[in-house]
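J.: Each chain, letter by letter, is given below.
2 protein chains.
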Amino acid sequence: MAYTAGAPAQTDAGTPGSMGDVRRSNLALVLGTVAQSPAGIHLTRAQIAASTGLTKASVSSIVLDLLDAGILRELGLNPQGERGRPGMGLEMNPARGVMGMEINVDYIAAGVTDLSGTVVVQEILERDNRDSASAPVMTALSALAAEVRAAAAAKGVEILGGGLAVPGLVDDGSSTVITAPNLGWRDVKLDVTGLLPGLPLGVTLFNEANAAALAELARGPSGGKDFLFISGEVGVGGGLVIKSELFTGPEGHAGEVGHVVVDPDGRPCSCGGTGCLETIAGQDAIFSAAGVADKRQTRSESMSALTSALTDEEPASLLAVQRAGRSLGVAVASTSRIVDIKTVVLGGHFAVLERWLRPPLLDSLSRYAPGKFLPEHITTAVAGENGALLGAAGSVLRSLVEAPHRLHS
Amino acid sequence: MAYTAGAPAQTDAGTPGSMGDVRRSNLALVLGTVAQSPAGIHLTRAQIAASTGLTKASVSSIVLDLLDAGILRELGLNPQGERGRPGMGLEMNPARGVMGMEINVDYIAAGVTDLSGTVVVQEILERDNRDSASAPVMTALSALAAEVRAAAAAKGVEILGGGLAVPGLVDDGSSTVITAPNLGWRDVKLDVTGLLPGLPLGVTLFNEANAAALAELARGPSGGKDFLFISGEVGVGGGLVIKSELFTGPEGHAGEVGHVVVDPDGRPCSCGGTGCLETIAGQDAIFSAAGVADKRQTRSESMSALTSALTDEEPASLLAVQRAGRSLGVAVASTSRIVDIKTVVLGGHFAVLERWLRPPLLDSLSRYAPGKFLPEHITTAVAGENGALLGAAGSVLRSLVEAPHRLHS
DNA sequence: TTATATAGTTCAAGCAATAAACTAACTAGC
DNA sequence: GCTAGTTAGTTTATTGCTTGAACTATATAA
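Protein sequences, first through last, are from chains W and U.
Mind the numbering: the first sequence is residues 1 to 409 in my numbering, read in order.
Mind the numbering: the second sequence is residues 1 to 409 in my numbering, read in order.
Certain hints may be false.
What the hints assert, rightly or not - Just the calculated beta-carbon pair ranges, DEER-fashion:
{"#": "1", "chain 1": "W", "residue 1": "146", "chain 2": "U", "residue 2": "55", "range": "46 to 52 Å"}
{"#": "2", "chain 1": "U", "residue 1": "304", "chain 2": "W", "residue 2": "362", "range": "43 to 49 Å"}
{"#": "3", "chain 1": "W", "residue 1": "56", "chain 2": "U", "residue 2": "198", "range": "39 to 45 Å"}
{"#": "4", "chain 1": "W", "residue 1": "268", "chain 2": "U", "residue 2": "38", "range": "46 to 52 Å"}
{"#": "5", "chain 1": "U", "residue 1": "362", "chain 2": "W", "residue 2": "284", "range": "46 to 52 Å"}
To be verified - Computed cross-link-like contacts, DSS-like style, restricted to lysine-lysine with a CA-CA straight-line distance of at most 30 Å:
{"#": "6", "chain 1": "W", "residue 1": "342", "chain 2": "U", "residue 2": "342"}
{"#": "7", "chain 1": "U", "residue 1": "372", "chain 2": "U", "residue 2": "342"}
{"#": "8", "chain 1": "U", "residue 1": "189", "chain 2": "W", "residue 2": "189"}
{"#": "9", "chain 1": "W", "residue 1": "342", "chain 2": "U", "residue 2": "189"}
{"#": "10", "chain 1": "U", "residue 1": "342", "chain 2": "U", "residue 2": "189"}
{"#": "11", "chain 1": "W", "residue 1": "56", "chain 2": "W", "residue 2": "189"}
{"#": "12", "chain 1": "U", "residue 1": "342", "chain 2": "W", "residue 2": "225"}
{"#": "13", "chain 1": "W", "residue 1": "243", "chain 2": "U", "residue 2": "372"}
{"#": "14", "chain 1": "W", "residue 1": "243", "chain 2": "U", "residue 2": "295"}
{"#": "15", "chain 1": "W", "residue 1": "189", "chain 2": "U", "residue 2": "372"}
{"#": "16", "chain 1": "U", "residue 1": "155", "chain 2": "W", "residue 2": "372"}
{"#": "17", "chain 1": "W", "residue 1": "189", "chain 2": "U", "residue 2": "342"}
Since the hints were made in silico from the structure, they are not lab data.
Owing to the predicted nature of the structure, the values given are computational and were not obtained by experimental measurement.
Each residue gets a CB set at the ideal place from its N, CA and C atoms; glycine is no exception.
Please build the complete structure, drawing on both the sequences and the hints.
T.: Right under this line is the structure:
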């Protein structure tokens with residue numbers, strides 16, 4: 001019905017509210033209902049008025065602004081055999097788009113979606129970034145981004161803003177990667193705006209798991225409005241979505257389920273802690289426990305070695321995954337009590353291994369968080385490999401929908 | 001400077017914003033700055049205008065509304081030896097107040113603060129509520145509340161709203177205690193408005209630890225704007241404050257640190273889980289591990305037995321508290337990674353035992369959440385025994401400050 | 001007593017939403 | 001094929017709230 005994210009009058013606390021805030025709030029409200037409308041359906045002004053509760057006059061005036069800003073577009077009239085004057089369909093302008101980018105251990109990637117969220121261009125470039133300095137990676141990504149931007153422009157799509165997802169702790173305010181153990185980065189300041197110069201909405205930096213969580217939120221109804229996304233990669237990342245918002249905590253680093261303590265007497269973790277979930281359920285941990293770790297092969301080769309070992313019911317592999325599942329259960333149980341969440345979405349290798357992980361996970365949950373506290377829904381990610389990419393793009397799009405006044409208007 | 005809580009235009013998402021929202025937002029902004037001003041200082045309209053950024057004209061008009069509603073009061077002019085016309089001091093109306101109430105295992109309590117937050121009346125009635133049905137407890141509390149209300153009225157303070165704190169999981173919407181293990185309550189619907197009939201702001205139901213956390217937020221700068229409050233009682237409760245707001249999660253039951261898993265191979269918990277923090281650091285657990293559990297004595301007697309045993313360096317007691325401290329560390333480490341919090345406030349028996357708990361707690365933290373992730377500030381609660389009481393009252397007060405338009409206006 | 005400075009109020013103007021009237025564009029039915 | 005009915009979108013007057021400037025009120029300083 002109404003767009004949940006459009007919290008009206010989003011001035012900072014402590015700032016006087018004026019009528020401009022009302023306008024901004026209603027701009028977001030109108031744009032939000034258009035953005036939320038199902039793919040084929042093009043709402044008319046009258047329908048927007050009915051659905052938002054605004055008057056037709058207000059909607060007309062607001063839509064005019066959004067058309068001027070190039071965010072919305074009018075389609076022709078659609079006389080659909082109903083009585084009365086047909087309405088003028090409206091849609092998110094397909095000639096504008098946002099770019100998602102991703103730096104990961106094995107690849108860099110960039111992709112563009114238009115404002116309706118449909119993918120226009122997408123390119124993945126395999127590249128070993130493990131323990132590579134940031135400069136060459138950024139140079140390579142910059143070239144890729146320019147290429148993808150040109151490809152989008154060739155299709156008539158102009159980029160308004162971008163998002164970059166990185167597997168590590170980030171601080172968007174200062175565009176800094178605080179720590180990305182698997183890239184070997186620590187306190188690295190990135191020139192993110194340099195990747196895509198001259199964008200009205202700039203470029204935002206995201207944690208990979210957070211971006212992927214946002215992709216889940218935008219795409220399927222996999223997790224609803226409240227869920228914990230757990231992404232199994234080399235490390236174990238997490239993204240916490242609460243009331244359809246990414247919950248980032250006071251400093252922006254919330255949701256790190258990978259470092260919940262699941263075994264106080266456990267092994268040291270890459271984060272410096274002890275017995276973190278990652279030390280048992282991270283890729284390296286599972287591979288070596290399963291005995292499929294081989295330094296000559298890539299991670300995806302190791303992964304297929306593991307899955308075939310599992311289908312062959314190879315004991316060490318079964319045990320390794322079982323242990324990972326149980327530990328996942330402990331971490332989820334603890335997390336669910338702290339943030340009161342009942343739905344878990346598994347991503348990354350957890351999605352691949354879901355078949356084997358689920359039984360020990362459920363077992364563990366019923367032991368550590370039984371009854372009323374049991375997280376009932378365990379699903380797997382719907383956005384696949386490129387979840388982080390889509391999430392980064394989608395989240396920029398969403399920020400536009402929530403604050404359209406930043407464009408021209 | 002400005003009141004952090006006064007988020008402008010707080011209509012529900014999906015509702016059109018109109019000029020009324022602006023007014024509501026600015027009412028809260030003005031009232032917030034008055035409420036935030038230090039005890040002795042009485043702001044004038046001009047000072048409010050300067051501090052909020054509103055014009056003098058708007059402030060005058062808004063203050064008029066707040067005076068009409070009986071929320072603010074004018075003091076006389078205060079010619080303070082400065083040039084120019086002296087300003088008219090404003091303060092929170094001391095003739096209006098809010099009531100906090102508490103049901104706990106050993107007592108029931110009720111107290112009134114005026115709108116400036118100073119305590120007017122307070123009464124604690126010892127009463128063994130353990131495994132008592134809810135009806136007689138509510139009857140007793142109702143009588144106590146009426147008495148305290150009359151005492152406040154005698155002092156010229158009219159009650160506008162109330163809050164009730166209960167040691168258990170609650171749902172305020174339906175005024176239901178979902179589970180309070182130590183009272184033996186389960187899915188008990190309480191007639192909270194019946195306790196204090198005819199209040200314009202009604203009566204709100206709180207979890208005890210959450211209320212106490214709010215008291216910490218309101219009183220000292222003990223935890224700043226972001227902290228985890230851990231309350232050691234018979235059970236172990238928790239309250240999570242993030243950006244000066246109580247974080248309650250999607251269903252309102254967040255912050256239950258007492259049930260973070262700290263020992264996967266541990267003992268069963270009253271919540272049905274296994275190895276929860278409460279099974280090691282709850283009062284019953286500590287008392288019995290220390291060997292000071294004696295069914296004939298009250299809990300406060302057991303507690304003094306424990307503290308004297310500790311000062312005598314009695315080994316079993318030292319060990320019990322040490323273990324509790326270490327487990328606290330594990331739980332805090334996990335929590336800090338999930339919600340990104342760096343400050344912990346210890347309340348209840350954790351405050352009493354702080355001296356002995358701190359070393360193992362710090363030790364444990366540096367092991368499980370080292371370096372950048374270390375929760376740096378461990379403090380003890382400033383609001384003492386009656387933290388929950390004060391918190392319940394204070395939070396009703398705060399809700400008034402955030403939405404003053406609910407009164408008359 | 002006068003000049004100056006500060007507090008608070010009054011009043012016209014601007015902006016955004018609303019409600020009601022109005023124009024536009026289509027279907028249904030005779 | 002014309003008219004009545006129906007729905008879409010625009011125009012216009014009204015309302016509510018902030019703003020800014022002018023104005024009144026009340027103090028200190030010289």
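J.: All hints are to be evaluated individually against the structure, with a verdict given for each.
T.: Okay, the hints, checked on the actual structure:
{"no.": "1", "hint": "W:146 / U:55: 46 to 52 Å", "result": "holds, 49 Å"}
{"no.": "2", "hint": "U:304 / W:362: 43 to 49 Å", "result": "holds, 45 Å"}
{"no.": "3", "hint": "W:56 / U:198: 39 to 45 Å", "result": "holds, 42 Å"}
{"no.": "4", "hint": "W:268 / U:38: 46 to 52 Å", "result": "holds, 48 Å"}
{"no.": "5", "hint": "U:362 / W:284: 46 to 52 Å", "result": "violated, 30 Å"}
{"no.": "6", "hint": "W:342 / U:342", "result": "holds, 25 Å"}
{"no.": "7", "hint": "U:372 / U:342", "result": "holds, 10 Å"}
{"no.": "8", "hint": "U:189 / W:189", "result": "violated, 54 Å"}
{"no.": "9", "hint": "W:342 / U:189", "result": "holds, 23 Å"}
{"no.": "10", "hint": "U:342 / U:189", "result": "violated, 36 Å"}
{"no.": "11", "hint": "W:56 / W:189", "result": "violated, 48 Å"}
{"no.": "12", "hint": "U:342 / W:225", "result": "holds, 27 Å"}
{"no.": "13", "hint": "W:243 / U:372", "result": "holds, 28 Å"}
{"no.": "14", "hint": "W:243 / U:295", "result": "violated, 45 Å"}
{"no.": "15", "hint": "W:189 / U:372", "result": "holds, 17 Å"}
{"no.": "16", "hint": "U:155 / W:372", "result": "violated, 45 Å"}
{"no.": "17", "hint": "W:189 / U:342", "result": "holds, 23 Å"}
The structure shown violates the earlier hints numbered 5, 8, 10, 11, 14, 16.
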